[in-house]
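The primary structure of each chain is shown beneath.
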Amino acid sequence: MAELPKKPFAWQKWVLGVVMVVGLIISAQATGTNLPMFFQNFGQFTIIFQQMLSPDWSYTAYVVDPLIETIKMAILGTTIGSVLAFPYALLVARNIVTNRWVVGIFRFILNVIRTIPDLLLAAIFVAIVGIGPVAGVITLAIFTFGMVGKLFYEAVETIDEGPIEAIKAAGAGKLEIIRFAVIPQVSNYFVSYVLYAFEINVRASTVLGYLGAGGIGVFLQRALSQFRYDRVGLMVLVIFVVVLVIDYVSGKLREALI
Amino acid sequence: MQAKPVIKFDNVSKTYPNGAKGLKDINLEIMPGEFVVVVGLSGAGKSTLMRAVNRLHDITAGDIQIDGQSITQAKGKQLLEIRRNIGMIFQNFNLVKRATVLKNVLTGRVGYYPTWKMVFGLFSKGDKQRAYNALQQVELADKVYARADELSGGQQQRVSIARALTQEPKIILADEPVASLDPQTTKHVMDDLKRINQELGITVLINLHSVELAQTYGTRIIGIRDGEKVFDGPVASADEATISAIYSGGEEANG
Amino acid sequence: MKTSTLPDAPRAGRLRKWVLWIALILVIGWSFTGMPLLQIKDNAVEVAGAMFSGLIHPDWGYVWTGDGEDLVSTLLQTIAIAFIGTFISAIISLPFAFWAANTKHKNWLVSRSGKIILTAIRTFPEIVLALMFIKAVGPGAFAGVLAVGVHSVGMLAKLFSEAIENMDGGAGESVTAAGGNRLDVTMLASFPQLLPEFVSNTLYRFELAIRSASILGIIGAGGIGTPLIFAISARAWNRVGIILLGIILMVTLVDYVSGAIRKRLV
Numbered sequence: 001m002a003e004l005p006k007k008p009f010a011w012q013k014w015v016l017g018v019v020m021v022v023g024l025i026i027s028a029q030a031t032g033t034n035l036p037m038f039f040q041n042f043g044q045f046t047i048i049f050q051q052m053l054s055p056d057w058s059y060t061a062y063v064v065d066p067l068i069e070t071i072k073m074a075i076l077g078t079t080i081g082s083v084l085a086f087p088y089a090l091l092v093a094r095n096i097v098t099n100r101w102v103v104g105i106f107r108f109i110l111n112v113i114r115t116i117p118d119l120l121l122a123a124i125f126v127a128i129v130g131i132g133p134v135a136g137v138i139t140l141a142i143f144t145f146g147m148v149g150k151l152f153y154e155a156v157e158t159i160d161e162g163p164i165e166a167i168k169a170a171g172a173g174k175l176e177i178i179r180f181a182v183i184p185q186v187s188n189y190f191v192s193y194v195l196y197a198f199e200i201n202v203r204a205s206t207v208l209g210y211l212g213a214g215g216i217g218v219f220l221q222r223a224l225s226q227f228r229y230d231r232v233g234l235m236v237l238v239i240f241v242v243v244l245v246i247d248y249v250s251g252k253l254r255e256a257l258i
Numbered sequence: 001m002q003a004k005p006v007i008k009f010d011n012v013s014k015t016y017p018n019g020a021k022g023l024k025d026i027n028l029e030i031m032p033g034e035f036v037v038v039v040g041l042s043g044a045g046k047s048t049l050m051r052a053v054n055r056l057h058d059i060t061a062g063d064i065q066i067d068g069q070s071i072t073q074a075k076g077k078q079l080l081e082i083r084r085n086i087g088m089i090f091q092n093f094n095l096v097k098r099a100t101v102l103k104n105v106l107t108g109r110v111g112y113y114p115t116w117k118m119v120f121g122l123f124s125k126g127d128k129q130r131a132y133n134a135l136q137q138v139e140l141a142d143k144v145y146a147r148a149d150e151l152s153g154g155q156q157q158r159v160s161i162a163r164a165l166t167q168e169p170k171i172i173l174a175d176e177p178v179a180s181l182d183p184q185t186t187k188h189v190m191d192d193l194k195r196i197n198q199e200l201g202i203t204v205l206i207n208l209h210s211v212e213l214a215q216t217y218g219t220r221i222i223g224i225r226d227g228e229k230v231f232d233g234p235v236a237s238a239d240e241a242t243i244s245a246i247y248s249g250g251e252e253a254n255g
Numbered sequence: 001m002k003t004s005t006l007p008d009a010p011r012a013g014r015l016r017k018w019v020l021w022i023a024l025i026l027v028i029g030w031s032f033t034g035m036p037l038l039q040i041k042d043n044a045v046e047v048a049g050a051m052f053s054g055l056i057h058p059d060w061g062y063v064w065t066g067d068g069e070d071l072v073s074t075l076l077q078t079i080a081i082a083f084i085g086t087f088i089s090a091i092i093s094l095p096f097a098f099w100a101a102n103t104k105h106k107n108w109l110v111s112r113s114g115k116i117i118l119t120a121i122r123t124f125p126e127i128v129l130a131l132m133f134i135k136a137v138g139p140g141a142f143a144g145v146l147a148v149g150v151h152s153v154g155m156l157a158k159l160f161s162e163a164i165e166n167m168d169g170g171a172g173e174s175v176t177a178a179g180g181n182r183l184d185v186t187m188l189a190s191f192p193q194l195l196p197e198f199v200s201n202t203l204y205r206f207e208l209a210i211r212s213a214s215i216l217g218i219i220g221a222g223g224i225g226t227p228l229i230f231a232i233s234a235r236a237w238n239r240v241g242i243i244l245l246g247i248i249l250m251v252t253l254v255d256y257v258s259g260a261i262r263k264r265l266v
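Chains as they are written, first to last, in the working numbering: chain A, 1 to 258; chain B, 1 to 255; chain C, 1 to 266.
Please keep in mind that the hints were generated in silico from the structure rather than gathered at the bench. Please note that the accuracy of each hint is not assured.
[Stated by the list, open to error] Computed list of lysine-lysine pairs in PhoX-like fashion (alpha-carbon distance at most 25 Å, straight line): (1) B:Lys24 to B:Lys8; (2) C:Lys104 to B:Lys21; (3) B:Lys75 to A:Lys6; (4) C:Lys104 to B:Lys143; (5) B:Lys75 to B:Lys4; (6) C:Lys115 to A:Lys252; (7) B:Lys143 to A:Lys13; (8) B:Lys103 to C:Lys263; (9) C:Lys115 to B:Lys97; (10) B:Lys128 to A:Lys6; (11) B:Lys143 to B:Lys75.
[Unchecked claim] On the chain B side, residues computed to face chain C include the following (Cβ under 10 Å): (12) Asn85; (13) Val96; (14) Ala99; (15) Asn104; (16) Leu106; (17) Gly108; (18) Tyr112; (19) Gly126; (20) Lys128; (21) Met190.
The structure presented is a predicted model; accordingly, all values stated were derived computationally and were not measured. Where is the CB? At the ideal position from N, CA and C, for every residue including glycine.
Next up, chain A with everything else stripped away, as it sits in the complex (with noise of 0.2 Å):
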C-alpha cells in the first residue's frame, strides 16, 4: 500500500498562535496587567464586596423613584428607535430598494451608528442637552435605531419574494407591496426585535445615569462616590430583579403578540 503523505504545513494555524501570543504580551504590558499585585489587594476588592453583601435596605425606598424613571426612559428610547428604524431598515433592504447609492449610503450611516458604544452617547448628549433623563431617552433611542435597524433590514432581506411577485402582479404600486406582502411577512420579527430591544435597554440604562442621563444610575454614581457600597449593593440587587422581571414579562408578552 502507498505510505502517508506528509501533512500540508498549516501555516494559518502558526500565524494566529503567533498573533495571538505576541497580542498578549503587548497588551499585558500595556495595560500594566499584574495579576499577582490583583491577588495580593484581593482583600481590598473583598471589602468592598462584603460591603455590598450587607445591603442597606432602609435606602429601599428611595430608589423606587429613579427605578420607575429607568423604566420610563428604557420604554421611550425603545419606542422612538423602533419606529424610526421601521422605516428606515425598509431603505436599506436590497430587496425594496433597489438603487445601489442610496442602500450603500444609508447603511454606511447605520454601521456608523452602530459603533458607538451607549454610554459614549450619553455623555455626549449630556452635554448637548443637559443633565436628566431626556439625555438618556436621546442616547436609547438611538442605540435602539441601531440595533433593531440592522436586525430588522436583515430580516426584510430574507423574506419570501413570491407574494411581492403576485402584488406586483396585481398592479400594485411601492406602498401596497410594502402594506401587503412585506409587512405581514416580517411583523412577528419586528415585534421579537423590539422585545429584545427594550431588554437590553432596561440593563443600560440603568447605568446611563452615571453620567448624568437620569435614572438610578444618577443614584449609583451618588453612593459610589461617598463610599456607600451597602445602598451599592442594594441597588444591583433591585437592579437584578427588575431585570429579571422584564425579561420574563418581555418573553411572555413575545408568546402573547406573536
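Please arrange chains B and C on chain A, whose structure you already have, making use of the hints.
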C-alpha cells in the same frame, strides 16, 4: 465440524426504565464471516439489538458473549478491550465534522492507547499508516487531510467505514448505514461492506430498512418485530409471506 | 352563481391582541408623564452645532504626539484592554460553562444554579465592577482589564454552555464504540467539536469588549474614554471630534477582522 459463534445472545431482554420493552427474550448465534441483515419496522428494536452487542445500551436480562467472552459481565478495561474488537458504523456517520479525515479515522485506534496519550493526541506513525491504508481500501486516500465536512454524505460514510477498519475488528456493526444516502452512494457503501466481509473475513451485522438491499447483500436475515425475533434464516428462505409478516407489526397486541 | 355573505372572522384571539396593543399604548403614554421633555438646556442647539463643527474640523494634531496620551496610543491601549480582558474571561468561562450546561447526565438543579450565577454576573453593572477594581488595584488600564475579564464571563460562559448543550453526541458515541473511555470521548470528540465554536464566541465577545473598553476610561479605567471625557468637559469639540472618528474607525476595523475570522471558523 462447527466453529464457535462470534456473537451469542442468551435469553436477552431489555426493559426501559419507563417499562417499555426494547428486546424480548432473544436467542441468537452468529458465526464468523457471516453477513447478517436485521430487518424490521422502525422502532421494532433493531437499533437496540445492535447497541446491545457492544453494550452502548445495557440489557436488563440474559447474557451476550463476544467470541466466548461475556460483554454483559465485563468491567472497566475488559469492556473497552472487547469493544475494541467491534467496529461500528452509524446512520449519521458520527464524525467530528471539523476535524480532518485522518484524525477521524485514527479515533478507531483509541482502544489501543492509554488515555494520557489521547489527551495530547499522540498516535504512532504505524497507526497513521494503518489509517491511511484503510482510507485506500475505501478509495478516499486523496481526502486524507481534507476536513470531514468538505466531503459528501457517501464519502463521509466511507470514512466511518475506514475508521471501523482501522480498529482491525472481528465484527462490524452497521446501524442503518445507508438510511440517509441516495441510491447510487448506497450501492457504493454496501459494496464496500460486502468486500470487507468477503476479503477480510470480518463478520458483519447490519440493520437495514430496505428488504431489497437485505436480499441483495445478506447471507442471512433476522426479522425483528416489537422486540421479538420473528424470523431467522438464510436469505433464500425468506419468502414474500415471511417478509410481510415481519413488517406487519403494530396491529397485534403483545402481552 | 349562488353566494352567501362573508362570515365574521373568529373572535377570541383578535380581542386579546387588541387589549394587549391598547395596554401597550397606554404604557408608552404613561412613560411620557414626568419626562421633562421641554427642560432642555437653552444652548442645546448651540452646543450641538459646536460639536458638529468639531466633527467636521477634527483636531488632527492629536492623532499622534508621541507622549503616549495621543489618539493612536490610547486607542491601542483600548484594544489591549479588550484583548487581554476577553482572554482572561474565556479562561474563567470554561468551568462556568460546563457547570451551567444542561446535559443529559446531570441534575438540572446544578445547571440551573450555574445559569442563575451567570445571569447575576451579566446584570452586575460593568461600571460598578470597574470602580471596585480601581479600589483594589488603582486607576488605570489594569482595572479595565479586570472589569472586562469578569463582566464578560456572564455572557461568554452562557454562549459556551449553549454550544455544549447543542453539541452532536454522535461523534462521542463512535469513540465509545471503538473502546474509548470518558476522557477519550472528551479529548477526541467533544473538544475538537467545541473548540471552533468557543473561539467564534470569544471573538464575538471581543467585539463587544472593544466597545466596553472605550467607555471604561470615563471612570478612570484606562483607554480612550479618559481623554474623551476630559475633552467633553473642557468643551474641546475638535478634540471630541477626532476621538469619535478614532473610535468609530477602530470598532469598524475590529468588527470587520473578527467577523471575517468567525465566518471562516463555521
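Hints versus structure:
1. For the hint pairing Lys24 (chain B) with Lys8 (chain B), the CA-to-CA distance comes to about 15 Å; that is within 25 Å, so the pair holds.
2. The suggested pairing of Lys104 (chain C) with Lys21 (chain B) holds, with an alpha-carbon distance near 22 Å, which does not exceed 25 Å.
3. A threshold of 25 Å between alpha carbons decides the hint, and for Lys75 (chain B) with Lys6 (chain A) the separation of about 40 Å lies outside it, so the pair is violated.
4. For the given pair, Lys104 (chain C) sits about 35 Å from Lys143 (chain B) by alpha-carbon distance, which is inconsistent with the 25 Å threshold.
5. With a C-alpha separation of about 23 Å, the suggested pair Lys75 (chain B) and Lys4 (chain B) falls inside the 25 Å cut-off, and the hint holds.
6. At most 25 Å may separate the alpha-carbon atoms for a hinted pair to count; Lys115 (chain C) and Lys252 (chain A) meet this at roughly 20 Å.
7. This hinted pair checks out: Lys143 (chain B) and Lys13 (chain A) have alpha carbons roughly 20 Å apart, not beyond 25 Å.
8. About 23 Å separates the Cα atoms of Lys103 (chain B) and Lys263 (chain C), which keeps this hinted pair within 25 Å; it holds.
9. As the CA atoms of Lys115 (chain C) and Lys97 (chain B) are separated by approximately 29 Å, the hinted pair breaks the 25 Å bound.
10. Between Lys128 (chain B) and Lys6 (chain A) the CA atoms are separated by roughly 11 Å; this keeps the pair inside 25 Å, and the hint holds.
11. For the suggested pair Lys143 (chain B) and Lys75 (chain B), the alpha carbons sit about 38 Å apart, so the restraint of at most 25 Å is broken.
12. Satisfaction of the interface hint for Asn85 (chain B) is found here, the shortest Cβ-Cβ separation to chain C being roughly 8 Å, below the 10 Å cut-off.
13. Hint on Val96 (chain B) holds. Least Cβ distance to chain C is approximately 5 Å, under the 10 Å limit.
14. At a threshold of 10 Å, the smallest CB-CB gap from Ala99 (chain B) to chain C is about 5 Å, leaving the interface hint in force.
15. Annotation: interface hint on Asn104 (chain B) holds; nearest CB of chain C at approximately 8 Å, less than 10 Å.
16. The beta carbon of Leu106 (chain B) comes within 8 Å of a beta carbon in chain C, closer than 10 Å, and the hint placing it at the interface holds.
17. Given the 10 Å rule on beta carbons, the hint for Gly108 (chain B) holds: about 5 Å separates it from the nearest Cβ of chain C.
18. The closest approach between the C-beta of Tyr112 (chain B) and any C-beta of chain C is roughly 8 Å, which is under the 10 Å cut-off, so the hint is satisfied.
19. Because the smallest distance between the Cβ of Gly126 (chain B) and any Cβ of chain C comes to about 17 Å, over 10 Å, the interface hint for this residue is violated.
20. A distance limit of 10 Å between C-beta atoms decides the matter here; for Lys128 (chain B) the minimum to chain C is near 15 Å, and the interface restraint is violated.
21. Using the Cβ-Cβ criterion of 10 Å, the hint placing Met190 (chain B) at the interface with chain C is not satisfied: the shortest such distance is roughly 20 Å.
The structure shown violates the earlier hints numbered 3, 4, 9, 11, 19, 20, 21.
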